[in-house]
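J.: By the UniProt record's numbering, the letter at position 309 of the sequence shown is numbered 309, and the numbering carries on one by one without gaps.
Don't read these hints as lab results, they were simulated from the structure.
Heads up, the beta-carbon is just placed ideally off N, CA and C, and yes, glycines get one too.
Watch out, some of these pointers could steer you wrong.
Claimed, not checked - Label-pair distances were calculated between CB atoms; the ranges are: (1) Gln319 x Ala205: 25 to 33 Å; (2) Gln310 x Ile331: 22 to 30 Å; (3) Glu308 x Ala155: 44 to 52 Å; (4) Gln92 x Arg43: 36 to 44 Å; (5) Gly9 x Leu286: 52 to 60 Å; (6) Ala205 x Leu286: 37 to 45 Å; (7) Ala309 x Ala218: 24 to 32 Å; (8) Ser268 x Gln327: 27 to 35 Å; (9) Gln55 x Glu279: 31 to 39 Å; (10) Phe277 x Gly213: 25 to 33 Å; (11) Asp20 x Ala179: 45 to 53 Å; (12) Gly48 x Ile331: 17 to 25 Å.
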Amino acid sequence: MEQAFTACGVSEADGQIVVDNLLYAELRGIKSHGVSRFPVYLRRIQMGAVNPQPQISMEQRTPVLLKVDGDNGLGSVVMVHALNRGMELAEQLGICAVGIKGSNHCGASGYYCELAAEQGLVSIVLTDGPPATPPWGGREAYFGTNPMAFGLPRAQKPHIIVDLATSLAARGKVIRAAAQGEKIPEGWALDREGLPTTDPQAALAGVLLPMAGAKGYALSLVVEHLAGVLVGAGFGKDVAWQYSEGNKPANVGHFIILVKADAFMEMSDYHKRTEQFVEEIKKIPLAPGTKEIKLPGERSWEQQQCTEAQGISLDADLQAALQTIAQELTINLG
Numbered sequence: 001m002e003q004a005f006t007a008c009g010v011s012e013a014d015g016q017i018v019v020d021n022l023l024y025a026e027l028r029g030i031k032s033h034g035v036s037r038f039p040v041y042l043r044r045i046q047m048g049a050v051n052p053q054p055q056i057s058m059e060q061r062t063p064v065l066l067k068v069d070g071d072n073g074l075g076s077v078v079m080v081h082a083l084n085r086g087m088e089l090a091e092q093l094g095i096c097a098v099g100i101k102g103s104n105h106c107g108a109s110g111y112y113c114e115l116a117a118e119q120g121l122v123s124i125v126l127t128d129g130p131p132a133t134p135p136w137g138g139r140e141a142y143f144g145t146n147p148m149a150f151g152l153p154r155a156q157k158p159h160i161i162v163d164l165a166t167s168l169a170a171r172g173k174v175i176r177a178a179a180q181g182e183k184i185p186e187g188w189a190l191d192r193e194g195l196p197t198t199d200p201q202a203a204l205a206g207v208l209l210p211m212a213g214a215k216g217y218a219l220s221l222v223v224e225h226l227a228g229v230l231v232g233a234g235f236g237k238d239v240a241w242q243y244s245e246g247n248k249p250a251n252v253g254h255f256i257i258l259v260k261a262d263a264f265m266e267m268s269d270y271h272k273r274t275e276q277f278v279e280e281i282k283k284i285p286l287a288p289g290t291k292e293i294k295l296p297g298e299r300s301w302e303q304q305q306c307t308e309a310q311g312i313s314l315d316a317d318l319q320a321a322l323q324t325i326a327q328e329l330t331i332n333l334g
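Given only the sequences and the hints, what does the whole structure look like? Please build it.
T.: Right under this line is the structure:
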């Protein structure tokens with residue numbers, strides 16, 4: 001995959017960032033945000049919709065406030081460069097808020113929380129996106145699926161990583177169901193007439209429903225404001241969808257908050273309290289049919305260990321798409 005990105009003008013270092021993000025999701029069983037996104041990212045570069053060599057600008061507006069313009073670069077590239085600088089500031093000053101505009105789809109948001117947790121930083125990562133969900137009571141999409149991710153570092157892996165869409169299901173899962181000719185569960189979506197549907201194509205033409213009803217709508221609104229309105233990025237219908245809007249720049253926005261885990265106490269005390277917290281959760285009496293209480297992100301981490309041992313399995317359609325790319329670019333995808 002790195003060779004393909006390089007062939008399309010992306011630097012080796014930036015190409016590796018994107019591949020690392022895709023493999024993070026693939027290894028953890030989050031296939032909707034894994035290798036299946038690679039052909040789309042590549043096509044967007046080839047169509048001129050994404051800048052393969054962005055001049056990412058950063059303005060430190062206050063000691064703890066960083067404003068970033070991604071220059072329409074690949075989302076994970078923009079995010080990692082912004083995150084790295086934000087982590088430096090948080091390490092120096094205890095906290096940093098990063099506002100990013102001019103970005104694109106950035107893959108699994110939990111990836112960035114994982115990077116921050118490895119540096120001993122608590123993180124919140126918010127991202128807006130193209131219209132997918134309606135305001136509560138509406139039947140026309142306005143908000144993105146607007147994922148929220150949170151990272152809580154532990155002394156040893158797995159860190160506590162929460163990564164969820166504010167829609168009932170991520171749009172990537174619906175896209176994957178459509179590609180595989182599968183139905184989606186009831187309650188995920190409405191068709192363009194505002195009627196419930198289990199047809200993924202009808203769902204993509206209609207709207208996805210927010211998680212937890214009006215509460216999910218409220219959370220989605222907040223994410224859209226913080227990651228779109230506040231930071232100067234696109235919001236609402238000004239954010240382009242990478243699957244259908246040709247070479248239109250997406251102008252996705254992100255909002256990141258980073259806090260040193262030892263901002264309020266010694267790191268040893270933080271880790272001691274965190275492990276006490278985890279142990280108390282794990283010791284809660286189990287509900288019938290439950291074998292073990294898992295922390296957020298723990299199943300995905302266990303899946304990663306399994307996938308690393310057994311290898312990655314790709315769908316036949318995706319393998320064919322990768323082979324086509326290899327032939328077009330006369331490279332060996334490996």
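J.: Quick one: are glutamine 92 and arginine 43 within 36 to 44 Å, going by C-beta?
T.: Given a distance of about 40 Å, which is inside 36 to 44 Å, the answer is holds.
J.: Okay, alanine 205 versus leucine 286 on CB: inside 37 to 45 Å?
T.: Since the Cβ atoms of alanine 205 and leucine 286 sit about 42 Å apart, the hinted range of 37 to 45 Å holds.
J.: Could you see if the CB distance from glycine 48 to isoleucine 331 stays within 17 to 25 Å?
T.: Since glycine 48 and isoleucine 331 have Cβ atoms about 21 Å apart, the given range 17 to 25 Å holds.
J.: Does the beta carbon distance between serine 268 and glutamine 327 stay inside 27 to 35 Å, or does it fall outside?
T.: Since serine 268 and glutamine 327 have Cβ atoms about 55 Å apart, the given range 27 to 35 Å is violated.
J.: Could you see if the CB distance from glutamine 310 to isoleucine 331 stays within 22 to 30 Å?
T.: Roughly 26 Å apart at Cβ, these two residues keep to the hinted range, so it holds.
J.: For the range 25 to 33 Å, tell me whether the beta carbons of glutamine 319 and alanine 205 fit it or not.
T.: About 28 Å separates the Cβ atoms of glutamine 319 and alanine 205, which means 25 to 33 Å holds.
J.: Cβ-Cβ distance between glutamate 308 and alanine 155: within 44 to 52 Å?
T.: For glutamate 308 and alanine 155 the Cβ distance comes to about 22 Å; the hint is violated.
J.: Falls inside 25 to 33 Å, the C-beta gap from phenylalanine 277 to glycine 213?
T.: At roughly 29 Å between Cβ atoms, glycine 213 and phenylalanine 277 fall inside 25 to 33 Å, so the hint holds.
J.: Regarding glycine 9 and leucine 286, is the given constraint of 52 to 60 Å on their beta-carbon distance met?
T.: Holds - the Cβ-Cβ distance for glycine 9 and leucine 286, about 53 Å, lies within 52 to 60 Å.
J.: Is the gap between the beta carbons of aspartate 20 and alanine 179 within 45 to 53 Å?
T.: Because 24 Å falls outside the window, the suggested range is violated.
J.: Okay, glutamine 55 versus glutamate 279 on CB: inside 31 to 39 Å?
T.: 48 Å, violated
J.: Check the following: the C-beta atoms of alanine 309 and alanine 218 are separated by a distance inside 24 to 32 Å.
T.: 41 Å, violated
In terms of the numbered hints stated before, the structure departs from hints 3, 7, 8, 9, 11, listed from lowest to highest.
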